[in-house]
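A.B. asks: What follows is each chain in one-letter form.
There are 2 protein chains.
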Amino acid sequence: MIKSRVLSSELKNNVGKNVVIAGWLYKKRELGGMTFLIVRDRDGLIQVLDDKSKESEKLKGLYPGTVLIVEGEVVEEKRAPGGIEIHDPKLKIEVPVEFVPPIEIDKPLSHDSENLDTLFDYRVIGLRNVKESAVFKILAEVKDSMRRFLKKNDFVEFNSPKLLAGSTEGGAEVFKLDYFGKPATLAQSAQFYKQIMVGVFERVFEINPTYRAERSATTRHMTEFMHLDVEMGFIDFEGLINIIGRMLKEITEQVWENCEPELVSWEAVKPVLPEEIPVMTLADIHEKYSAANEQQTIGEKDLRPDEERWICEYAKEKFGSEAVFVIEWPASEMKFYHKLNEKNPNIADRFDLIFRGVEICTGSMREHRYDKLIRQLKDLAGGDPENPGFKYYLQAFQFGMPPHGGVGMGLERLTQKIIGLSNVKEASLFPRDMNRLAP
Amino acid sequence: MIKSRVLSSELKNNVGKNVVIAGWLYKKRELGGMTFLIVRDRDGLIQVLDDKSKESEKLKGLYPGTVLIVEGEVVEEKRAPGGIEIHDPKLKIEVPVEFVPPIEIDKPLSHDSENLDTLFDYRVIGLRNVKESAVFKILAEVKDSMRRFLKKNDFVEFNSPKLLAGSTEGGAEVFKLDYFGKPATLAQSAQFYKQIMVGVFERVFEINPTYRAERSATTRHMTEFMHLDVEMGFIDFEGLINIIGRMLKEITEQVWENCEPELVSWEAVKPVLPEEIPVMTLADIHEKYSAANEQQTIGEKDLRPDEERWICEYAKEKFGSEAVFVIEWPASEMKFYHKLNEKNPNIADRFDLIFRGVEICTGSMREHRYDKLIRQLKDLAGGDPENPGFKYYLQAFQFGMPPHGGVGMGLERLTQKIIGLSNVKEASLFPRDMNRLAP
Numbered sequence: 013m014i015k016s017r018v019l020s021s022e023l024k025n026n027v028g029k030n031v032v033i034a035g036w037l038y039k040k041r042e043l044g045g046m047t048f049l050i051v052r053d054r055d056g057l058i059q060v061l062d063d064k065s066k067e068s069e070k071l072k073g074l075y076p077g078t079v080l081i082v083e084g085e086v087v088e089e090k091r092a093p094g095g096i097e098i099h100d101p102k103l104k105i106e107v108p109v110e111f112v113p114p115i116e117i118d119k120p121l122s123h124d125s126e127n128l129d130t131l132f133d134y135r136v137i138g139l140r141n142v143k144e145s146a147v148f149k150i151l152a153e154v155k156d157s158m159r160r161f162l163k164k165n166d167f168v169e170f171n172s173p174k175l176l177a178g179s180t181e182g183g184a185e186v187f188k189l190d191y192f193g194k195p196a197t198l199a200q201s202a203q204f205y206k207q208i209m210v211g212v213f214e215r216v217f218e219i220n221p222t223y224r225a226e227r228s229a230t231t232r233h234m235t236e237f238m239h240l241d242v243e244m245g246f247i248d249f250e251g252l253i254n255i256i257g258r259m260l261k262e263i264t265e266q267v268w269e270n271c272e273p274e275l276v277s278w279e280a281v282k283p284v285l286p287e288e289i290p291v292m293t294l295a296d297i298h299e300k301y302s303a304a305n306e307q308q309t310i311g312e313k314d315l316r317p318d319e320e321r322w323i324c325e326y327a328k329e330k331f332g333s334e335a336v337f338v339i340e341w342p343a344s345e346m347k348f349y350h351k352l353n354e355k356n357p358n359i360a361d362r363f364d365l366i367f368r369g370v371e372i373c374t375g376s377m378r379e380h381r382y383d384k385l386i387r388q389l390k391d392l393a394g395g396d397p398e399n400p401g402f403k404y405y406l407q408a409f410q411f412g413m414p415p416h417g418g419v420g421m422g423l424e425r426l427t428q429k430i431i432g433l434s435n436v437k438e439a440s441l442f443p444r445d446m447n448r449l450a451p
Numbered sequence: 013m014i015k016s017r018v019l020s021s022e023l024k025n026n027v028g029k030n031v032v033i034a035g036w037l038y039k040k041r042e043l044g045g046m047t048f049l050i051v052r053d054r055d056g057l058i059q060v061l062d063d064k065s066k067e068s069e070k071l072k073g074l075y076p077g078t079v080l081i082v083e084g085e086v087v088e089e090k091r092a093p094g095g096i097e098i099h100d101p102k103l104k105i106e107v108p109v110e111f112v113p114p115i116e117i118d119k120p121l122s123h124d125s126e127n128l129d130t131l132f133d134y135r136v137i138g139l140r141n142v143k144e145s146a147v148f149k150i151l152a153e154v155k156d157s158m159r160r161f162l163k164k165n166d167f168v169e170f171n172s173p174k175l176l177a178g179s180t181e182g183g184a185e186v187f188k189l190d191y192f193g194k195p196a197t198l199a200q201s202a203q204f205y206k207q208i209m210v211g212v213f214e215r216v217f218e219i220n221p222t223y224r225a226e227r228s229a230t231t232r233h234m235t236e237f238m239h240l241d242v243e244m245g246f247i248d249f250e251g252l253i254n255i256i257g258r259m260l261k262e263i264t265e266q267v268w269e270n271c272e273p274e275l276v277s278w279e280a281v282k283p284v285l286p287e288e289i290p291v292m293t294l295a296d297i298h299e300k301y302s303a304a305n306e307q308q309t310i311g312e313k314d315l316r317p318d319e320e321r322w323i324c325e326y327a328k329e330k331f332g333s334e335a336v337f338v339i340e341w342p343a344s345e346m347k348f349y350h351k352l353n354e355k356n357p358n359i360a361d362r363f364d365l366i367f368r369g370v371e372i373c374t375g376s377m378r379e380h381r382y383d384k385l386i387r388q389l390k391d392l393a394g395g396d397p398e399n400p401g402f403k404y405y406l407q408a409f410q411f412g413m414p415p416h417g418g419v420g421m422g423l424e425r426l427t428q429k430i431i432g433l434s435n436v437k438e439a440s441l442f443p444r445d446m447n448r449l450a451p
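Which chain is which? The protein sequence lines are A and B, in order.
Offset between the first sequence (1-based) and our numbering: plus 12.
Offset between the second sequence (1-based) and our numbering: plus 12.
It is possible that part of the hints are untrue.
Because identical chains cannot be distinguished in the list, a pair is counted as satisfied if it fits within a single copy or across any two copies.
Distance condition first, Cα-Cα at most 30 Å in a straight line; then the derived DSSO-like pairs of lysine-lysine [said to hold, decoys possible]:
| no. | residue 1 | residue 2 |
| --- | --- | --- |
| 1 | K313 | K90 |
| 2 | K15 | K261 |
| 3 | K300 | K282 |
| 4 | K15 | K384 |
| 5 | K384 | K70 |
| 6 | K163 | K29 |
| 7 | K102 | K355 |
| 8 | K261 | K164 |
| 9 | K39 | K29 |
| 10 | K40 | K390 |
| 11 | K384 | K39 |
| 12 | K66 | K149 |
Hints were generated in silico from the structure; no laboratory data involved.
Input sequences plus hints: build the corresponding full structure.
C.D. replies: Here you go:
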C-alpha cells in the first residue's frame, strides 16, 4: 500500500533522510505557533514537528485515531520519543476521524478497582494507548517463552476439545449447552486429555481457553481464561518440581529480556528467583506464620490468603526467592487423580507454587495404576467408571500409563503478577465474568 | 525417576555401552527360541533381543502397553528400527497390562471412510501407534511454523473470547448456551476481534478453537476445529496475497524439514509450490474448465468441487504450483465486512486459496471506512449498528482503522492436505461432529 514505509523503530537508522511514516494520530499539541503531532505505529510513537503549523491545518476538525501518512526529514531530537523527530512534514489524511473519542487515547485509563468497568467498556479504543497494549505484548511473550522452554524440553503441543459430553471434574461451575438436542458442557480443564496424551507423546502441553461458570466476580477469577496445561511421563515428584521451577525462572527472564520497555512502563520489578526455588511443607509454613504473626493456623488444611502473601515475603528475605513450592498437602483434600505419597499416605504428592503472594500454579503426581485409580475415583469422587466422561480416560490406564505428573497455570494470572497488576482481568484483552460478556 | 535413561534417538551414540531405556511394550515376537521386544518411547521404537527368552518370561500374561524399564547393551543391527538393538536385556516391569488391548497397537487402524468410527472410538489407544501419532507431530509443526513465520513478520499473537453475547456473523450454525440466565453463544470466528486488534498492533494473529453447529457430517466439516486468524493493517490486496502465499510455502517447507520421517510414514509427497503462487480470476477458471471438460460453468458465482480439483491439476502442470489464488469474486456473494474493488464495484477484493483440490484459506480486504461499513452492514447483513454484537466492532472504525485485510485457515484441513488424508477428522486428535462428542 505504502511503498517503503519506515517504522518508528527504524527511524534511528535514517537520520538525515526523507522518509514516509504511517500510523494513527495519537496526540496534537500547539505551542508558540508550532504544532507537535505524535503518530503511533505498531512499533511505537513518532513525534512530528510542523514548525509553521501550516500542514496541520489539514487536521482541522479531526481527532486522535485519524490515520495519517507523513513524509518528512528524520532529525535527532533528545526531547522526543525515541530521540527522533520528523521535520518539514507533508501530511496525507488516509482515514479521517470526525468523532470526539470518548477517552483520551494518549492517557492510560485508570486501573483502580472502581474504574474497571470503564476500562473494559472502552477497551476497543483504550487498548490503543501504548501503555495499555504493553500488557498484551508481555502476555504474548509469556506464552512464547513457555512454548520455547517446553519445546526445548521435548514437549509436544496439542489441542484437546472444549465441547464435552459431561463435565471432567464435576462441580456446579460448568457451562452447559445444547448440542443438537443433547446436553454438552464446556471443558473446565484439559486434565483428562493431557493425561491421555502422556500415553502418546510422554511429554505434552496445551495452551487453551478454559471455562468456569464462577458465580463470583473476584479479583482472581474469570469465566474464560487461557490456561497452560503441562503433563509428563517417566518422572517423579522431585523431577516435576525441578522442571516447573526452571520454567518459571526462564519465563520471567525471557520476558524481561524481550519486553523490558513494556515492563518499565508499568514500573514492574524483575522477580528475584534463585536457581532452585525453595520447597516448604504446609506444616512448616503454618508453624512459621503462626509464630511470626500471633495467629494460629497450625493444622489447617490450606493456606490463608494472608499466609500466601507472608510466605513470599519470608522466602524473599530468607532465600532470595519471590516464589515458594508448598508441598505435603493433606490427603483429605486431594482430587481423585492425585497420587498419595508412597511413604506417608496422609499426604498427597502435590504442590502449589506461590509467587508474589498468590498461587499461580498447582501440580501433582497422578495415580497411574489402573486399580488404584478406579478405587480413588469411586471413593473420592463418587464416580462411575462406566460413565462416558471417565470411560475413555480410564482406557489410557487400563493399557499402561507410566508414573507421571503435571501442572496447570493461568496465563493472565502469571502475567498479572509479573507486571504487578491488582486484578487478573487487567491482563485479559476482553475479560469475561458473570456480569460481562462484551466487548 | 529413572537416572540416566537413554531415549531411542540417543542410542546411536551409545553403541557398545550398557544403557537403561524405558517405554511401552509395543510388540512381542518369538522366533526360534529367541524373543524380540519392541519398546516405544517418546522418540521412537527400540528393538530388544532376548536371545534365550529367559527375561521375557516376566512378560507372561502381560500385553502391549506394559510399561518397561530395560537395561542392556547397545548393538548395531541393520534389520532393527533405527539400526540398533539392545542385547542381554534385564527387564523391570514398571506397570503391567493385564487386559488384551481391543486393537493391535503396533498396526495402524484403517482410515477408510467406513472404519472412521472405529478409528475414533479407539482413539485413546490407537494414538499410541507411531504412524497415527505422526499426524499430530506434523500438526504441531504446522502450528509452530505458522507462528514462526508470523512473528518474524511482526505479528503479535492474541486470544479473543469465545463466549459472546451474540453471534458474530449470524446464521443458524451457532451453539447457544446459558450464561447465568442470559443467552450466550460460542464464537464461530474471531473476525471482529482480529479487526479490532489491527487498531492496536497493526499485525495480529490468533490460533484458536472455533465452533460451528454444522448439521452435516461431511469429510470437510467439524463442529470444533483449530483456526488460524491473521489480520494486518496498512496493506493492499496484492500485499496480502503475497504474504499469505509466502506463508503457505514456508509452512510446507518447514514441515518437510522438521517432520520428514513422519510424512514419509504416510507416503506424503512434498507440495510443489513456486516462489509466487499463481493468481487466477474466477471467470478465467470457469472458462478454462468449461473448455477442457465439456462443462458449462461460465457465469457461476462459485467454483464447483470438481473445478477446485481441476484447477489445481492445471496449475501444477502449467505453473508448477499445487496451489492457486482465485480472485475477482462477485460482489453479490460478499460478506458485509469485505471490501469492494475500487475500480470495479461488481467484484470484491477477496480470494480463495485452493491447495490440492480444496479451499484451505479465504482472505479479503476489509471495508475500513466507518460510513461505508455501516451501509454494508445494513444493506448486506440487515444488521443493526446499535446491536451489542456490532457496536464495539464499529467503535474501532469510528475512531480510525487503516486499510487492512486478513485471512482464516483451518489447521486440521491444511494438515490433512499436506499429509494427503481424505477426511479432515483424521487430522483432529478427538474430532467433534454432530454425532460425536467423545472421547
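A.B. asks: Each hint: holds or not?
C.D. replies: For each hint, the structure was consulted:
1. K313 to K90: Neither: 58 Å inside a chain and 58 Å across chains, both beyond 30 Å.
2. K15 to K261: Between copies only: 24 Å across chains, 43 Å inside a chain, cut-off 30 Å.
3. K300 to K282: Classified as within: same-chain Cα gap 27 Å, cross-chain 63 Å, threshold 30 Å.
4. K15 to K384: between (67 Å within a copy, 26 Å between copies)
5. K384 to K70: So K384 and K70 pass the 30 Å test across copies only (22 Å; inside, 76 Å).
6. K163 to K29: Between copies only: 28 Å across chains, 43 Å inside a chain, cut-off 30 Å.
7. K102 to K355: Between. Shortest inter-copy distance 27 Å satisfies the 30 Å Cα cut-off; intra-copy 77 Å does not.
8. K261 to K164: both (15 Å within a copy, 25 Å between copies)
9. K39 to K29: within (24 Å within a copy, 70 Å between copies)
10. K40 to K390: Classified as neither; 67 Å inside a copy, 34 Å across copies.
11. K384 to K39: Result: close only across copies, 26 Å inter versus 65 Å intra.
12. K66 to K149: neither (37 Å within a copy, 60 Å between copies)
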